[in-house]
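Colleague: Residues 56 to 391 in my numbering are what the sequence shown lists, from first letter to last.
Everything labelled a hint here was simulated from the structure, so no lab data went into it.
Keep in mind the model is a prediction, meaning the values are calculated, not measured.
Yeah, the Cβ is synthetic: ideal placement off N, Cα and C, and Gly gets one too.
Take every hint as true, because none was put in to throw you off.
Calculated pairs, DSS-like style, for lysine-lysine (alpha carbon to alpha carbon, straight line, at most 30 Å):
#: 1; residue 1: Lys146; residue 2: Lys375
#: 2; residue 1: Lys182; residue 2: Lys200
#: 3; residue 1: Lys125; residue 2: Lys182
#: 4; residue 1: Lys71; residue 2: Lys146
#: 5; residue 1: Lys200; residue 2: Lys234
#: 6; residue 1: Lys58; residue 2: Lys375
#: 7; residue 1: Lys71; residue 2: Lys200
#: 8; residue 1: Lys125; residue 2: Lys146
#: 9; residue 1: Lys58; residue 2: Lys146
Cβ-Cβ distance ranges computed for the label pairs, FRET-style:
#: 10; residue 1: Glu380; residue 2: Ser293; range: 37 to 45 Å
#: 11; residue 1: Pro92; residue 2: Glu190; range: 36 to 44 Å
#: 12; residue 1: Asp131; residue 2: Glu380; range: 38 to 46 Å
#: 13; residue 1: Ile311; residue 2: Asp132; range: 36 to 44 Å
#: 14; residue 1: Pro92; residue 2: Gln64; range: 28 to 36 Å
#: 15; residue 1: Leu364; residue 2: Ile204; range: 29 to 37 Å
#: 16; residue 1: Ile388; residue 2: Asp132; range: 34 to 42 Å
#: 17; residue 1: Val260; residue 2: Glu282; range: 27 to 35 Å
#: 18; residue 1: Gln350; residue 2: Asp191; range: 43 to 51 Å
#: 19; residue 1: Met56; residue 2: Arg365; range: 23 to 31 Å
#: 20; residue 1: Asn351; residue 2: Ala277; range: 31 to 39 Å
#: 21; residue 1: Arg251; residue 2: Phe93; range: 30 to 38 Å
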Amino acid sequence: MTKLFEPYQLQTISLKNRIVMAPMCMYSAQDDGLVTPFHHVHYATRAAGQVGLIVVEATSVAPEGRISNKDLGIWDDTHIAGLTQLVDGMKAYGAKTAIQLAHAGRKATVEGEIFAPSAIAYSDAYKTPTEMTIEDIEYVIEAFKQAAIRASKAGFDALEIHGAHGYLISEFLSPATNKRTDAYGGSQENRYRLLRLVIDAIRSVWDGPLLVRVSAEDYAEAGTTMEDFIVFSRWMRSQSVDLVDVSTGGVVQARINVFPGYQVPHAERIKQGAEMPTGAVGLITTAIQAEEILQNNRADLIFLGRVLLREPYWPLRAAKELGEEVTPPVQYIRGW
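Build out the structure end to end from the sequences listed, making use of the hints.
Modeller: This is the structure:
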């Protein structure tokens, strides 16, 4: 059997293959963060296409933490019913489900005050955030905890903490955006403190699979390094994080040389250096490319983004290319 279609045990859940739909913001929620019909079609279609694990888009733990007012929300119990229906639609086709819990920090574009570790705007196009007080930080930690409780009630199989792309947690991790002089800034340990406390808070109410998405490179001299993230990933492993989903960029404005598989080496270095399971992402588009990454032990799971927007049934095509027998939904068998 090819490794791409080999089952994978992610803590307590068994994935039928190693294909993961990466969380991608759809900006299609109601203004109050509620699920819309679009989400039901969007996610169930990829489940029918035989994706093994689907990670629902960045879902905000606080209304002021939304990237836009069209982000999904999980800050209130009113969100649970729609998310439950979303989970049921994906599970009907055999997919395992996860949700990415997020706070946008200084990259929030909603009305009103926004918050970040330091009062530094992302660019001239963004508002200048308010530097968070200790009380603000404690509020966010509790918000992640309550979001985990709601995700559990909605029936998700796994959770992912969004610690990447220049949103709140990655702003704390990076010295380029965190200029604090208290216990949350300066040293590696201090910059990691918010993520540490968020993981602990979630783990106090959630014992299922837990993933963290990171930006392993800021592409800036004043930013984080791979060595930082090897250390951070070791700490995550000690806190019972099950897998690091390795992306890059987005913390500061930077020129990024993008090419097929450009982020895979970061996943490989964290996997080897921290002895931590990783997910690889970043212009992975072909079955052969995905299989090479897995066969060479460069990552454990393959996270697909834009290719699944183009091809919801990409796993079925990949199976055919690799000579694997994968059964599509009975309604579609004659098409394959």
